[in-house]
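Work the whole structure out from these sequences, hints included.
Residue numbers (the numbering used here), protein chains in the order written: chain A, 16 to 270; chain B, 16 to 270.
Among the hints, erroneous ones may be present.
Identical chains share a label here; the pair holds if one copy fits it or two copies do between them.
Said to hold, decoys possible - Think about it this way: if two alpha-carbon atoms lie no more than 25 Å apart in a straight line, the pair counts; the simulated DMTMM-like pairs of lysine to aspartate or glutamate are:
| hint | residue 1 | residue 2 |
| --- | --- | --- |
| 1 | K247 | E84 |
| 2 | K247 | E80 |
| 3 | K156 | E207 |
| 4 | K247 | E110 |
| 5 | K156 | D248 |
| 6 | K247 | D134 |
| 7 | K139 | E207 |
| 8 | K156 | E84 |
| 9 | K247 | D234 |
| 10 | K139 | D209 |
| 11 | K156 | D201 |
Because the hints were derived from the structure by calculation, they are not lab data.
Here the structure is a predicted model, which means the values were calculated and not measured.
Number of protein chains: 2
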Amino acid sequence: MRDDQTPSRRDFLGASLATAGGLGLAACASPAAQGSPGPGAGLLRAGDRVLFQGDSITDAGRSRERAAEANAQAALGGGYAWFAAAGLLVGHPAEQLQVWNRGISGNKVFQLADRWQQDCLELKPDLLSILIGVNDIWHTKNGKYDGTVATYARDYDALLTRTRAALPDVRLVICEPFVLRCGAIDDSWFPEFDHYRAAARDVADRHRARWVPFQAMFDAAIAYAPPEHWAKDGVHPSAAGAALMAQTWLDVVTG
Amino acid sequence: MRDDQTPSRRDFLGASLATAGGLGLAACASPAAQGSPGPGAGLLRAGDRVLFQGDSITDAGRSRERAAEANAQAALGGGYAWFAAAGLLVGHPAEQLQVWNRGISGNKVFQLADRWQQDCLELKPDLLSILIGVNDIWHTKNGKYDGTVATYARDYDALLTRTRAALPDVRLVICEPFVLRCGAIDDSWFPEFDHYRAAARDVADRHRARWVPFQAMFDAAIAYAPPEHWAKDGVHPSAAGAALMAQTWLDVVTG
Chain A
16 MRDDQTPSRR DFLGASLATA GGLGLAACAS PAAQGSPGPG AGLLRAGDRV LFQGDSITDA
76 GRSRERAAEA NAQAALGGGY AWFAAAGLLV GHPAEQLQVW NRGISGNKVF QLADRWQQDC
136 LELKPDLLSI LIGVNDIWHT KNGKYDGTVA TYARDYDALL TRTRAALPDV RLVICEPFVL
196 RCGAIDDSWF PEFDHYRAAA RDVADRHRAR WVPFQAMFDA AIAYAPPEHW AKDGVHPSAA
256 GAALMAQTWL DVVTG
Chain B
16 MRDDQTPSRR DFLGASLATA GGLGLAACAS PAAQGSPGPG AGLLRAGDRV LFQGDSITDA
76 GRSRERAAEA NAQAALGGGY AWFAAAGLLV GHPAEQLQVW NRGISGNKVF QLADRWQQDC
136 LELKPDLLSI LIGVNDIWHT KNGKYDGTVA TYARDYDALL TRTRAALPDV RLVICEPFVL
196 RCGAIDDSWF PEFDHYRAAA RDVADRHRAR WVPFQAMFDA AIAYAPPEHW AKDGVHPSAA
256 GAALMAQTWL DVVTG
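Written as structure tokens, this is what we have:
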């Protein structure tokens, strides 16, 4: 058996990183300064406190009453965060991980900031994964909000600066905002949405965060099933979409 | 960054293999004879034809009309086989895989054998994954069938002998039959069901197949959500159950 005949599940992820401007790889080239391992190395450590943060895609119906409970499905919801948590917990029993979800439906970056002290910093995560952005553009498009991509980039950068100041050793995972071209998503979203994605990537690179390429993943996935299969309204993933997101998240974080 | 601080997603899988009597590891110690790489090495090769076979858990509502189409969601169903296929295809675009599903609801091993020529051998899979067994016990318990664990073991062994004779280089993946203790599953299933699982493991070892420890996985998963969350009737996985199965399958096959 020759090693060069053994492809890796990271083929796709590696390709995505390599073609996304190279900034991620460059930023990760000196990872030790902030405790973030380089690309390809597992981010997970024994005893880690893991926190998922974001909007409805992360929330996915989690129980508020049981929110304080680590590792319980009801507290983790029914979306990618739960599917990824299940993979982490079942796949790593010896690591004694503690996983929480604090995603809240409808949130934009400034709303994460409003509740960051209690819903992130006081939880003292060792590994923090954030997926935020679709409402920052969506609520502006439908007149509920007046933020722009510059607002998004500024608020996101400030949030991560604040996070690093309070938790210098936190390992950061930034998930790429994504949409599928169906449901609520029409041509009017582009190219503006791409600018939000680019802003998230830029913030991730600046803060030495590991990048999870969800848009690239869904762009590849529509070769095998229509966009509606992955997210009926173009925004909120189906079980199949959430399962694929969890696989990609686990590859990036534990790969 | 020290390697010994980087846990692996294979912690659990490795532990499962190590504690399952050691037969799997021993059998895999001389893998070259049948083209099966040893434990921990990826089974996947560029250009592979991948086939999922089994019962309703594999079938999961796949389209019969589109069954001949490789890589299409409709033809792959909505269960673990599709979730795993999506991960394979999206994660390995350069490998140009072709994935099919030929699971049929209600099947027992002898029914796989009845259709094996057209539904397996003629498809010439390079990588063949089989999950079969729950109906072999269930249909005996409810009086529809008179097979025993000895029938199951004999039929399964014959099926794999026939497969190896026709496809000497096929890489085999045998999935552990599993049940959750809820729904249709009561105490009367045990310890008999454990004997079916042991028979599947024995057949897998004898034919140098890679083993996917689904029962061990679900036994670990019920620490985080009740059995009904993973499979409401104790047999057919929910989306969360299918997502976790796909992660484990991908870890075993591509790890």
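Going through the hints against the structure:
| no. | hint | in the structure |
| --- | --- | --- |
| 1 | K247 to E84 | between (31 Å within a copy, 23 Å between copies) |
| 2 | K247 to E80 | between (29 Å within a copy, 24 Å between copies) |
| 3 | K156 to E207 | within (10 Å within a copy, 60 Å between copies) |
| 4 | K247 to E110 | neither (36 Å within a copy, 29 Å between copies) |
| 5 | K156 to D248 | within (16 Å within a copy, 44 Å between copies) |
| 6 | K247 to D134 | neither (29 Å within a copy, 33 Å between copies) |
| 7 | K139 to E207 | neither (34 Å within a copy, 47 Å between copies) |
| 8 | K156 to E84 | neither (36 Å within a copy, 40 Å between copies) |
| 9 | K247 to D234 | within (15 Å within a copy, 33 Å between copies) |
| 10 | K139 to D209 | neither (32 Å within a copy, 43 Å between copies) |
| 11 | K156 to D201 | within (12 Å within a copy, 54 Å between copies) |
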